[in-house]
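J.: If you read the protein sequences in the order shown, they are chains A, B, C, D, E and F. Position in the first sequence (first residue = 1) + 1335 = my numbering. Position in the second sequence (first residue = 1) + 1335 = my numbering. Position in the third sequence (first residue = 1) + 1335 = my numbering. Position in the fourth sequence (first residue = 1) + 1335 = my numbering. Position in the fifth sequence (first residue = 1) + 1335 = my numbering. Position in the sixth sequence (first residue = 1) + 1335 = my numbering.
Please note: incorrect hints may appear among the correct ones.
Put simply, identical chains are the same to the list, so a pair is met inside one copy or across any two.
Said to hold, decoys possible - When the alpha-carbon atoms are kept at most 27 Å apart in a straight line, the in silico DSSO-like pairs for lysine-lysine are as follows:
1) Lys1472 with Lys1444
2) Lys1398 with Lys1337
3) Lys1441 with Lys1464
4) Lys1441 with Lys1472
Keep in mind that the hints were calculated from the coordinates and are not lab data.
There are 6 protein chains.
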Amino acid sequence: MKGLFIGRFQPLHLGHVSIMEAALSEVDQLVVGIGSAESSYTFQDPFTGRERFEMLLRWGADKGWSERIIPVPIRDLNRYSIWVGHVESLCPDFDIVYSNNPLTVKLFKLAGYEVRSTMLVDRGLYSGKGIRALMVKGDTWRELVPSSVGSYLDEIEGPSRIMDISEGGRS
Amino acid sequence: MKGLFIGRFQPLHLGHVSIMEAALSEVDQLVVGIGSAESSYTFQDPFTGRERFEMLLRWGADKGWSERIIPVPIRDLNRYSIWVGHVESLCPDFDIVYSNNPLTVKLFKLAGYEVRSTMLVDRGLYSGKGIRALMVKGDTWRELVPSSVGSYLDEIEGPSRIMDISEGGRS
Amino acid sequence: MKGLFIGRFQPLHLGHVSIMEAALSEVDQLVVGIGSAESSYTFQDPFTGRERFEMLLRWGADKGWSERIIPVPIRDLNRYSIWVGHVESLCPDFDIVYSNNPLTVKLFKLAGYEVRSTMLVDRGLYSGKGIRALMVKGDTWRELVPSSVGSYLDEIEGPSRIMDISEGGRS
Amino acid sequence: MKGLFIGRFQPLHLGHVSIMEAALSEVDQLVVGIGSAESSYTFQDPFTGRERFEMLLRWGADKGWSERIIPVPIRDLNRYSIWVGHVESLCPDFDIVYSNNPLTVKLFKLAGYEVRSTMLVDRGLYSGKGIRALMVKGDTWRELVPSSVGSYLDEIEGPSRIMDISEGGRS
Amino acid sequence: MKGLFIGRFQPLHLGHVSIMEAALSEVDQLVVGIGSAESSYTFQDPFTGRERFEMLLRWGADKGWSERIIPVPIRDLNRYSIWVGHVESLCPDFDIVYSNNPLTVKLFKLAGYEVRSTMLVDRGLYSGKGIRALMVKGDTWRELVPSSVGSYLDEIEGPSRIMDISEGGRS
Amino acid sequence: MKGLFIGRFQPLHLGHVSIMEAALSEVDQLVVGIGSAESSYTFQDPFTGRERFEMLLRWGADKGWSERIIPVPIRDLNRYSIWVGHVESLCPDFDIVYSNNPLTVKLFKLAGYEVRSTMLVDRGLYSGKGIRALMVKGDTWRELVPSSVGSYLDEIEGPSRIMDISEGGRS
């Protein structure tokens, strides 16, 4: 049995981890859609599809779950009425959808899927937006992401990229 | 003689009705462009092109104007300098453009069209954005739309969709 | 009850008419998708979405079926796995699909629709491609299209456009 | 060390297998780009991205290489000058590119990659186009693909889809 | 030796002029990318690619630099990871990049370019956004742009366009 | 007075030169649209927008016409009904269009432009397609292009690229 979980992973944090662990206690493999896969170098989406794929691979390897995690980059279509079909056309088969996002829940239910919501860890704390804001301020963010992701973010100088991006903006 | 009126119809409300009725007192048929036709399931554009087409058909049937109303879905091009050409390439012929939107007025005038503005009903009251906000708050919105649209919105559970969408949002 | 029929209508010819008449003997209204709606001025697709919309409106008016024919321009998506969803998102509701095209039949059946195929008039004779070829050669094509379409093609100088286009080509 | 191999896998056949096996004798993991991932239901590209992802997963599982094969759907960009950047932005890191296609070889070399070409099995025999043609004719194709792919193609009724598609075509 | 400078030029103002003059004291010719070239008639991007091309040509002619200024319209790709490749694929060769925008600096440096930042004139004063806001308020903006651009903006009635656009907005 | 001439320049050859020289005997400056600007590395369109921009700049410099030639990359829109508007939105103002292509002539005339056709040099001889075919065969092509373009094609190893591309192809 396979599950599907979609996130933007900007960056992959312990909120994502908690959902993926819950899902993997129920299914054999988890298809992990990397949302907005073609976006990068904005405050909203600082990391490339490649970098987010790496975060998932490294976290999966760390957990010994390389065979159980199947990342799939999903580009934005900006047409929600056909978005489930878009996801289906790119991902391997899945049986159950894991999501806490009301729109995702609604769209996959409309398409006939079983959708499971999970107990959320503190959403105020574990959010990509919040972590990016901490990085801009130079505050500590490290305990909010898996250690493999923390090391990777150091390697690609993630926090300094986010600071740079947040300085610019359209004139 | 045919007119053109373009709206997003999120949802079709009495402000739209007042303009379309004014137009249909002057022309035989009204081409009704459904703007942002490919957008849906966002707070800005909750209803699909299909659903907005249905609202127009049902309202037109209710008025006995099925032959006089010609809905045409128009997707966003996000290139206003060629937008009039985009609209022309998809719609049947029209002679006069009805609009109160300054940008629409300007672009169609530049392209040589006669553009007529209509007496506006209270724009603060009859606005899609306002009606969607009422739906989110659970306030009464029903008297702001034609009754055929009110029934249709019940049928597709429109208000609950808008509530769901307004809860989510990017993290 | 509503049906759906999709064609490219380059131009609208008696083959299309025969299918639409068969369909309208079974359903109240026919949603008529204008395929490749954004293509024009090529040998494959010489007429604009607007011109093909006009052909349908004029033929419908001629038959007294203005209320029963609902044309909808459908742009190409070039992603067949989500094409049915694309069509659904733009067209008003329909119950039955009319098609003789094997791919269309397959895709709508996969999506759960009832698909009806119709007795074909001579497909060698009544084909858009064949009619365009006759126009290029200056041969007679008029008896292959409804008379309202013949007059419209004269009005927009359709045959000479097709001749011009067939001369050019990429170098 | 990771390699990259890109194919369209319409379907996955023993020619692909021979290259991937050669690559996996040299690298730890192989990123396998599924080219034209958003195309499907044409004679050129009959299978969806999902179906081709499944072929790779099933073949990999069969070989015991689930951890060593990393499929990544890659949509067409139709802009070869930035195609390497497009692939990089979606795939996890890779060190060496495996390809026998002259254009792919040229573009990745221009971008500074080491590109390795492999001994080809008989290209006339092991080609997606050839296999699809055999399916249309009803000839035997089974020995040209891995057995896991043969079973999967039976499961999704692949050959009959290709026959259907090859009948239609633009009029 | 050639430089590259990219701006949106909404409108071309003395801040741009100061950077271009600094660049042209160091290089023979300056490739001037017109960013967001396909956007127009919004408050953010009121002027068309054509109009901004004209501003650059007229300013260049005025300075006697027609041979030294090479404008190139660059459409948005909204994929920053391949944006440098996009710019390279459209512009003639350039050696040095001039920019004060942190994201542009970062992306071109990553791609191996020498990037030079210039002494900024007062950025609060010389900004497109600020000048557009002055136009909406009917305040004086003329001394913030080159005189050739001021005349051109009069010719195309730029300020009144911006006022009109700022009135509308999505309902 | 300014003219417009659009070509694909794959590569720039003496047929293009003859038209541009004729045009420049009538107008002060020539806007030169580089068609299909985003295509490259195919047999049909082997050279990038950048490379074709360079060919025009080098030829112009060679003739002493750097101020008179204004190259503008134009991407394909594949929507001919709005193509003139697309070209207008990107190019500086022009008064007269020079073209021998029937479709281009028709579309610009429809849009109200004066279109001038020029005496053609032998079109069988001076064609991009013919020159690319000569390059593949290893035949002599040098006398069919301006000498500045011949040198540039040597510099970028153009003929060997075309040979490589013509070997590959979809399987």
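J.: Hint by hint, note whether the structure agrees.
T.: Checked hints:
1. When the C-alpha separation of Lys1472 and Lys1444 is checked against a cutoff of 27 Å, the pair qualifies only between copies, where the shortest distance is 24 Å, while the shortest distance within a copy is 39 Å.
2. In this assembly of identical chains, the alpha carbons of Lys1398 and Lys1337 lie at most 27 Å apart whether taken from the same copy (18 Å) or from different copies (20 Å).
3. In this homomeric assembly, Lys1441 and Lys1464 come within 27 Å of each other (Cα to Cα) both inside a single copy, at 23 Å, and across copies, at 22 Å.
4. Taking the shortest alpha-carbon separations for Lys1441 and Lys1472, only the inter-copy value of 20 Å comes in at or below 27 Å, while the best intra-copy value is 36 Å.
Hint compliance for this structure: no hint is broken.
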